[in-house]
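K.L.:
Spelled out from the first residue to the last, the chains are:
There are 2 protein chains.
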Amino acid sequence: MKLDELAGKCGEWLLGTGPESDIVISSRVRLARNLAEFPFIRKANDSERTQISQLVHAKMDSIKSWPDLLYVDIQSLDEVDRQFLVERQLMSREMAEAKGDRAVAIDPNERFSIMVNEEDHLRLQVMCSGLDLQTAWERIDKLDDELGEKLTYAFHDTLGFLTACPTNVGTGMRVSVMMHLPALVITREIEKVFRSLQKINVAVRGLYGEGSQFMGDFYQISNQITLGRTEAELVTTVNEVVPRIIEYERRAREFLVNESEQDLHDDVSRAYGILCTAKKISSEETLHYLSKVRMGVNLGLIRSIEIETINKLFVQTQPAHLQKLRGQHLSVADRNIERASYLQSHLGPNSKSDADN
Amino acid sequence: MKLDELAGKCGEWLLGTGPESDIVISSRVRLARNLAEFPFIRKANDSERTQISQLVHAKMDSIKSWPDLLYVDIQSLDEVDRQFLVERQLMSREMAEAKGDRAVAIDPNERFSIMVNEEDHLRLQVMCSGLDLQTAWERIDKLDDELGEKLTYAFHDTLGFLTACPTNVGTGMRVSVMMHLPALVITREIEKVFRSLQKINVAVRGLYGEGSQFMGDFYQISNQITLGRTEAELVTTVNEVVPRIIEYERRAREFLVNESEQDLHDDVSRAYGILCTAKKISSEETLHYLSKVRMGVNLGLIRSIEIETINKLFVQTQPAHLQKLRGQHLSVADRNIERASYLQSHLGPNSKSDADN
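Each protein sequence line maps, in turn, to chains A and B. Residue numbers for the first sequence follow UniProt numbering, so the first one is 1 and each next one is one higher. Residue numbers for the second sequence follow UniProt numbering, so the first one is 1 and each next one is one higher.
No lab work stands behind these hints: they were computed from the structure. Honestly, I wouldn't trust all of these hints.
Because identical chains cannot be distinguished in the list, a pair is counted as satisfied if it fits within a single copy or across any two copies.
[Stated by the list, open to error] With a Cα cut of at most 20 angstroms, we get these calculated EDC-like pairs of lysine to aspartate or glutamate:
| hint | residue 1 | residue 2 |
| --- | --- | --- |
| 1 | Lys279 | Glu338 |
| 2 | Lys142 | Asp81 |
| 3 | Lys64 | Glu306 |
| 4 | Lys99 | Asp141 |
| 5 | Lys279 | Asp263 |
| 6 | Lys279 | Glu259 |
| 7 | Lys9 | Glu97 |
| 8 | Lys279 | Glu254 |
| 9 | Lys64 | Glu97 |
| 10 | Lys279 | Glu261 |
| 11 | Lys192 | Asp46 |
| 12 | Lys142 | Asp78 |
| 13 | Lys59 | Glu37 |
| 14 | Lys142 | Asp61 |
| 15 | Lys99 | Asp73 |
| 16 | Lys2 | Glu110 |
| 17 | Lys199 | Asp73 |
| 18 | Lys142 | Asp68 |
| 19 | Lys43 | Asp4 |
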């Protein structure tokens, strides 16, 4: 499989089929791993980075249960392709902006991806649709075992897995859940929820990390601390807190429906109308209106669209995706026009969404 | 014909069929007349007002070329019906809010209406679609002759027709044209146009008189002075200035298309989207968006709607019209909901507009 083929496809985690997927977009587990025989990335020279990448690539290719793995050399990519992989949640923004020999290995169904030579030698991640950390954890545990058989991880009997940043030492695990919380934003309760999460060491970030809280009401909820905790404990911590946030969001939605259904219906319906008719539209505006439409569909206020279509549009209307789908570089102004056109062909009465699915 | 039957119908002047009707909605001529044997309204007592109304009613009924004339006693109407006639441009706001015996006589095709006991004993008006003051003038001249045969007008050999307000003495005529000038508003040239009109004694007012300039970019252009001018001169004054304003508006539209067609297309298309999807919407917002859509249709940026449909919606989405059409009194909040529903059933892919026409 080639990178270009990914653009028109859709990762399994975006299908909107998992548990609680009206509020939880996806569950993600990532493991940080380092190779015992190499220095950490920050201390590694160019030659060592290349050796790591080549070794890891060869070992991955030898794992029979990982067929058709796409091993992407980031250095050889242009800026649009790098941004594309970030928008796709297959690698970090830091990875896109870094220098030197580095790669990302991608499962064709996007069930997992593995960054090579990011902050650690290896960053494995598994994504599942909806709230399903157990499946994500089981899958990544298996991937970790399979890869661990081929490579020698840096491991300390007392400390556990060794990582470049001390905050990851131990399990090297981060457990996170991407939540869609528009009603808590409208009712202004979101800050209160976040403050109580901080007290129990649960971190909250925007769609693409810190400072992006205005991006379509999406929030990543994840464990803050890893050292001294078992993998099961980390999964449990996040698994315990997420249902409570879901409950808050549901109550806020019920409140909005009960107190001001007409306002809410008007708001989501106009958002849909704008997405269906704008002749140019920015990414931010698109996220903003898609977020409203997504809540509207989940509340039964809009019936003509599938959640899967909206989930896909969140990703496919982003700058690099648009350029990949159109097969050409586009200026910001041209992207805004293409984005409007793309939205119109996938929403509304004459949309392509059925054909695409 | 009954008043209720008017609500679902559409006056000829709204059909959008007249000359220059992309920019000129309608042409209107009105004549002020008073009866020689009665004091002016401001000096008349209740009994005299009743006598005037009864006399005029009887005489009008005896004119054979005025069949099916609807003679409406304003005192017997509730507030919604009064407002309905104002929205319909069949009588003035002052007439609706006044007290005492008064009436309006309405031609079934709404080609003309005659207010009885407004500021003057009689106020005749004729409306035509587009820029067609000559037809309006010929029609009202004929109506005036027909009515003048039955009644004795207060007329002075030197001054001409006598009127309650000295500014109307002479011909008693006001010539006005309702123009749609959205591009001059967007390009901020409208104020300049207005200042030059003031210099040549041409008045500019909003849709419903002074201070309503934000109502959907509609402006009434009319003669300021009547004394000392003949009817033909008054028609000529307005007839000469209107084509110049049309030319300015057309140039402003061309400028917008040439300089920022994408912005303009986006703006009018979103306006259409909001009208098609809002679940509640105020009169002001409706006028604002309908105005953009009207320009969009005239510029070929929106192709699925007829100008006639939009012209009708301007009138039919107003508060009293909505209530008449729904057959019940509605609160402001309920009207906003009904208005959105009405717009949706007349715009967009599944609209009723074809069936209605």
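K.L.:
Would you list, in rising numerical order, the hints stated earlier that this structure does not obey?
P.N.:
Hint check: 2, 3, 4, 7, 9, 11, 12, 17, 19 fail, others pass.
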